[in-house]
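Top line first, the protein sequences correspond to chains A and B.
Final position of the first sequence in the working numbering is 796; the numbers increase by one with none missing.
Final position of the second sequence in the working numbering is 367; the numbers increase by one with none missing.
In short, the hints are calculated from the structure, not lab data.
Warning: the hint list may mix true and false statements.
These stretches of chain A come out as covered by chain B in the derived footprint (C-beta under 8 Å, 3 or more residues) [to be verified]: (1) 339–347; (2) 408–420; (3) 462–472; (4) 485–494; (5) 557–568; (6) 572–578; (7) 599–605.
No experiment lies behind these values; they were computed from the predicted model shown.
For glycine and all other residues, C-beta sits at the position ideal for the given N, C-alpha and C.
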Amino acid sequence: MKFTLSWLKEHLDTEASVEQIAETLTKIGLEVEEVINPFENMEGFVTARVEEVENHPDSDHLHVLRVNDGEKVLQIVCGAPNVKKGMMGILAHVGAYIPLFGEKIKVGKVRGVESFGMMCAEDEIGVGTDHNGIIELPANAPIGLTLAEVYKADPVFDISITPNRAECLGVRGVARDLAAAGLGKLKPLNIAKQNSTFSSPIKVKVEDFAACPVYTARYIKGVNNKAETPKWMKDRLNAIGLRSISPLVDITNYINYDMARPLHVFDADKLKGDICVRMAKNGEKFVSLEDKEYSLDDKSLGICDDEGVQCLGGIMGGNVKGCSEDTVNVLLESALFAPVCIARTGRKFQIDSDSRYRYERWVDPNSNILGSEYATQLILQICGGEASKIEIAGEENYQPVTTFIRPQRVKSFIGVEIPEGKIIDILNRLGFETKQDGDKIWATSPTWRGDIEGEHDLIEEIVRMWGLDNVPAESMPKAYFPAQTLQPEQRRVVTIKHELASRGLLETVTWSFTDSKLAQYFRKGNQPVPVCNPITAELDEMRPSVLINLLIGIKNNMARGYSDVSLFEAGPEFFGRKPGEQRLVAAGVRCGMTGKKHWLKDERNFDVFDVKADAMAAIAAANGPFDSARISLDAPEYYHPGRSGALRLGNNVIAYFGELHPSILKKFGIKQRVCAFEVLVDNIPLPRNANGKAKKKLELSAFQPLDKDMAFIVDKSVKADDLVATAKNADRRFITEVRVFDVYEGENMEAGKKSIALSLTFQPQEATFSDQDIETLMAKVEQAAKAKCNAVLRDA
Amino acid sequence: MENLDNLKSATLEQIAAAADVKTLDEIKVAATGKKGFVTEQMKGLALLDVEAKKAMGQKLNAVKCEIETALEAKKQELAEKELNEKLKKETIDVTLPIREENIGRIHPVSKIYEEVVAIFGEMGFEVADGPDIEDQFHNFNALNTPANHPARQMQDTFYIVNPESDNFDDSYVVRTQTSAVQIRTMEKKQPPIRIIAPGRTYRSDYDATHTPMFHQVEGLVIDKTTTFANLKGCLYDFVKAFFELDNVPVRYRPSYFPFTEPSAEMDIGCKKSKTELKIGAGDDWLEILGCGMVHPNVLKACGIDPDEYQGFAFGVGLDRLAMLKYGIPDLRTFFESDVRWLKHYGFMPLDESSMTGGLSNNGGLSR
Chain A
1 MKFTLSWLKE
11 HLDTEASVEQ
21 IAETLTKIGL
31 EVEEVINPFE
41 NMEGFVTARV
51 EEVENHPDSD
61 HLHVLRVNDG
71 EKVLQIVCGA
81 PNVKKGMMGI
91 LAHVGAYIPL
101 FGEKIKVGKV
111 RGVESFGMMC
121 AEDEIGVGTD
131 HNGIIELPAN
141 APIGLTLAEV
151 YKADPVFDIS
161 ITPNRAECLG
171 VRGVARDLAA
181 AGLGKLKPLN
191 IAKQNSTFSS
201 PIKVKVEDFA
211 ACPVYTARYI
221 KGVNNKAETP
231 KWMKDRLNAI
241 GLRSISPLVD
251 ITNYINYDMA
261 RPLHVFDADK
271 LKGDICVRMA
281 KNGEKFVSLE
291 DKEYSLDDKS
301 LGICDDEGVQ
311 CLGGIMGGNV
321 KGCSEDTVNV
331 LLESALFAPV
341 CIARTGRKFQ
351 IDSDSRYRYE
361 RWVDPNSNIL
371 GSEYATQLIL
381 QICGGEASKI
391 EIAGEENYQP
401 VTTFIRPQRV
411 KSFIGVEIPE
421 GKIIDILNRL
431 GFETKQDGDK
441 IWATSPTWRG
451 DIEGEHDLIE
461 EIVRMWGLDN
471 VPAESMPKAY
481 FPAQTLQPEQ
491 RRVVTIKHEL
501 ASRGLLETVT
511 WSFTDSKLAQ
521 YFRKGNQPVP
531 VCNPITAELD
541 EMRPSVLINL
551 LIGIKNNMAR
561 GYSDVSLFEA
571 GPEFFGRKPG
581 EQRLVAAGVR
591 CGMTGKKHWL
601 KDERNFDVFD
611 VKADAMAAIA
621 AANGPFDSAR
631 ISLDAPEYYH
641 PGRSGALRLG
651 NNVIAYFGEL
661 HPSILKKFGI
671 KQRVCAFEVL
681 VDNIPLPRNA
691 NGKAKKKLEL
701 SAFQPLDKDM
711 AFIVDKSVKA
721 DDLVATAKNA
731 DRRFITEVRV
741 FDVYEGENME
751 AGKKSIALSL
761 TFQPQEATFS
771 DQDIETLMAK
781 VEQAAKAKCN
791 AVLRDA
Chain B
1 MENLDNLKSA
11 TLEQIAAAAD
21 VKTLDEIKVA
31 ATGKKGFVTE
41 QMKGLALLDV
51 EAKKAMGQKL
61 NAVKCEIETA
71 LEAKKQELAE
81 KELNEKLKKE
91 TIDVTLPIRE
101 ENIGRIHPVS
111 KIYEEVVAIF
121 GEMGFEVADG
131 PDIEDQFHNF
141 NALNTPANHP
151 ARQMQDTFYI
161 VNPESDNFDD
171 SYVVRTQTSA
181 VQIRTMEKKQ
191 PPIRIIAPGR
201 TYRSDYDATH
211 TPMFHQVEGL
221 VIDKTTTFAN
231 LKGCLYDFVK
241 AFFELDNVPV
251 RYRPSYFPFT
261 EPSAEMDIGC
271 KKSKTELKIG
281 AGDDWLEILG
291 CGMVHPNVLK
301 ACGIDPDEYQ
311 GFAFGVGLDR
321 LAMLKYGIPD
331 LRTFFESDVR
341 WLKHYGFMPL
351 DESSMTGGLS
361 NNGGLSR
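So that you can see chain A by itself, here it is in the shape it has in the complex:
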C-alpha cells in the first residue's frame, strides 16, 4: 500500500515529520517498507544557465547552446521554442535517466552537431506535465543544485498491510490509525449528498443476496471523459505507480486507494436492458478488460445485462461495456460482495485486482452509498454531467459486533496494567463506541473493521496502541526441572549425523522434492507422490529416496572439478501421499578416491566396504544391534546386483548398502563408480530401558585367549557371513570371535570354488586349554562348516 504525504494530510491534521510518521506506522503494525523521495534517486540533473544561444547551421528550429553547470560549459542541441540566452533551467547530464523516455541520455549528434546532454521539460523529469518548452527557473536561481534541492517532493510511503487491517488499504484508514496513536487529528470527510431530479433508466436486480448483499447503481448523463484529470489526482496516482487513463477510471482508482472502496463504471449506452446480479451459468463466457476470456462456472458472480456477464462482480470489469474516451452516459456501481465468493472466484480464475484484494479482506459494508456519493461528486466536478437518484438493491444495514474487554484480563493475558481510561480512549479513537458495565467495557466496532470478534481482538488493539515495547519482558518461570528435551528417537539422529561426519562424510541438506524423471528408478514399488504445483519441472515429486538428490549433488560437484566426494543427509523419504507416509533415512554416497595422491601412497578408491562400514557405524551410533543384523543380497534394483546387500533384523531392513547400478548412474550423467548406503533409522529398534542404563557386568577371564587359523574351501556361492556365523555358533561359549583374514579364488583352486581363511579366538573359561581341548574345538568348527556350508578344511 502506497500513499504520499500530501494525500495523508488530506485526512490527517498533523505537524509530524516524515520520520515520526514512519516510525509510528511501524510501531502500530503498519510496517513501513520504504519512504521514497522521488527526486532523491534521480542523479545527473543540475540547475544550469544558458550562456549562449546560436542557430543550428542545418535546421530552422534547433539551437546550439553553451550551458554552464557550475563546473564546465557544455554544448547542447535544443529544440525548445522558449530557449533564450541567460535563462536558468534543468540540465540532464550524459548518463541521466529520463523517466518519460525510459532511457539514459547519451552523447548524441543532432544533424551533425554534437550534444552533451539535454535541457529538460517538466514532463520529462516528472515534476509537471508541461511539454511546450524547457523549464525556466527564476533568473536568480543558483547554478549546480540537484533536483531534490529545487523541487519539494511529496514523499511516498510504502507500507505493508496485514490481511486483518483491510481498512488501511485506504489512506483514510491509515490516517485514522495514526490519529489514534496520537499523531494528529482525523479530518472530517467532505462528501456531499448529490441532489438528483431523475431516476436511473437502468434498474438493478440482485438474485443472490448471499454473494451480493447490497448493489447500488447511479446513472450519470452527459459526462465528458475527454476532460483532463486534475493534476493533484494524477500526481498522487503516479506516485503510487498507477497510470492516469481517463478521468472516470482515475476517479474509481483514486477512491479505491483513498477510502478502500472499490467502484465500477459502465458505459451506460452500451448496456442492454437492466442490471442483474446473478451467478453465471456453467460455461458462460466472460472477456475481461485485459482481453482474457474465461469460461465461468455457477459459483462465479456476474454483473449482467441482457447480453450476458459484463463484469465479474468485485473482481474485474469486462472489455465490452467499459468506458472509453467517447463515453457520455455512465452507470456507477458501488456494491458489496461476500469475501468468500470473491476469494473463490479470484483464486479459481487466477485474477488479481485491487478490487478483489479489498473485497476478499473486508470492505466497509455500510460504505456503498457513501462511495457512490463520493464518486459522483468527483465525476461531476471533473467531467460534468447530471446524476440520477441512486438505485439500491438490498439493504445497507450491517450491524457490527459488540463485545467486551476487561482491564483485568489485559493484565493477566498481556502482563501489563493499562488504565481503564486509556483503554476507553484508544477504543474511541479507533472508532469503537464504548459503554462501561462493571468490570467490563463493552465496545461496538466500527463497520470498517471486519476483524473484531471477541475480547482477544480488543486486547490486540489496546496493546498495539499502548506499544508492544512498553510491555515488560519476563523470563520463563523455571517452575520445574526440565524433562529430557530430545526424545530418544530424536537424539539418535543427532548422534548418527556426528558419527557419519566424523567418518569423513560431509553433511548436506537437499530438497524434499526431486525430479520424477530420476525418481522413477528409486520408488521401490511404491506409487509416486507428485507435487500438484511444483516450483520447477525438476522438483515435481516428493523424493522416494534421499539418494537421488545426493547423486545430483555428486554430479554438480564433478562439474565443478571435484570428483572425490563423500556426502550424507539425514532426512525424509516418501512412500505415500498421506501424512505420516514417510520415513527418516540417513543416506550417504561416496565416490572417487579416499584422498589425493600422497607420498605414503595409501590412497585408494572408495568401495562397498566403506559404505557398509558407514551403515554399520550409523546403526551402532543409534545404539542399534549392528552386529546381530544379517546380510541379505536383495538391495533395491538401483544398486549393483552383485555388489550390494541389505542389513536385516528378522524381516525388517535397517540398511541398504552397495555400489550403485551403472545404468542408473548413467541417467544422472555419472560415469564413475558410486557407493551408497541408506540407513532406515525408524526401523532400528530403540534400546529397551527396562533395567535402567546399567551396563552388563564385565566378566574377565583369568586365562589368556588363543588365536587359531582355519582355511576352508567352499563353493563360490557361499557367503562369508554364513561361514563366519557357522564357525561362531559351533561353540558359543569358547569361540568368542571369528575374523576373515583371507579370501582366495583363481589359480590352484578348483573351478567354482574359493578359499576363505578364518582366524578364531578361543577363550578358556575355567582352566587353560589342553591340546586335546583345542583339537576338539577345531573339529567342532570343521564339522559345522562341512554340514552348513559344505566347506572342506584346507591343508594346514
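Once you have looked at the hints, place chain B on chain A.
Frame of chain A, contents of chain B only:
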C-alpha cells in the same frame, strides 16, 4: 704386588681404549677368565700364611671388582653409542605432510538445530515432530485459517492431490509452517505444554532469500498463566543466548498471523554495511521472527478451553538464524551440496552445542 698393580692399570687402560664389545670380552678373559692374571694369583694364595693370605685375598677381590665395574660401564657406554648410531641412520624428514584424513562436517542447519534445542531445553521445552505432508486441517483450518482466508495466499502452498477425493479442500499440502505440529501436540497432550518443533517447511518461492524448502522452529507454550510479557522474556533470553552476546537490542512490531492474537514480529538491532552485518549494535533493525498469544480458536480446535488456558507461539527460520550468526550470505547455497561450501560453512563433528559448555567452538583439525 707391584706386578698386580701394573697389570690392573694396564687392564683399565685397555678397557678405556676398547672400541667394541668383542675387545672387552678378550680383556675380561685375560683378567678374570680361567687363565686370567687375577685368577692365576688367586690360585697362589694357598701358599701364603694366614695373615698374608687375608691381605692378598682382599686386594685381589678389590682389583677384580674394579675391573668388572669398569668393564660393565664401558659395555653400557658402547651399547649406547651403537644405538645412537643406529638411530641416526633411521632419520626421516618429519616435515613431510601427515596422512590424509577425511574429516566430515555437520551442516549449518543441523548445528543451529542443536543450538536451538540446547537453549530451549534449558527453559524446559521438549522437542516435537510432525509429518512433512499435512492435511489442510492441521496446516490451515485448525490454525484459524479457513479455506478462503486471505492468509492462505500469503503463503504459496505446494499441494498434493488426494486420490480419494475430488474436492480440492481434501488435497494434502506440503506443510507451509511447522505450526502444524502445535495442533498435533495439543491433540495428544493436555497442558501444561512447552514444546519446540524444528523441521522442514515448504513454500513456492525462489530467490536469494527464499527457497522452496527451508527450516523453521516452532515454539508453543500453553498453561494457565503465561503472558505476552513471558513471550517477550523467553524470546529475549533466546536471542541473547543464541547470538552469544551480553545484550541484543530488540523491538516488537504488531503484525498478523491467523493463529495468534496479539501477533508481533521481533526485530533485533544490528549494523548493516555493504560487506557485513553485525548483530547487537548499530541503528538498523532486522526482522527475525514472528510470534503472538495463541488464538482462542486454535485452542478450541484442539479441545482446550481458552477461558482456562492461554499461552504463546512463535516461529523462527533456522536457516535465517544460521545466515545471521555465521555470516552465510545466500540461502540458496544451503541446499546445493557444494563440497567447498560444506567444508567452509560446515561444523566439526565433535563441536557439540550445549548451554553448559557453550553453543559454538568450531575447533578441530579441519582439512
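Taking the hints in turn, this is what the structure says about them:
no., hint, in the structure
1, 339–347, "holds (count 5)"
2, 408–420, "holds (count 5)"
3, 462–472, "holds (count 6)"
4, 485–494, "holds (count 5)"
5, 557–568, "holds (count 7)"
6, 572–578, "holds (count 4)"
7, 599–605, "holds (count 4)"
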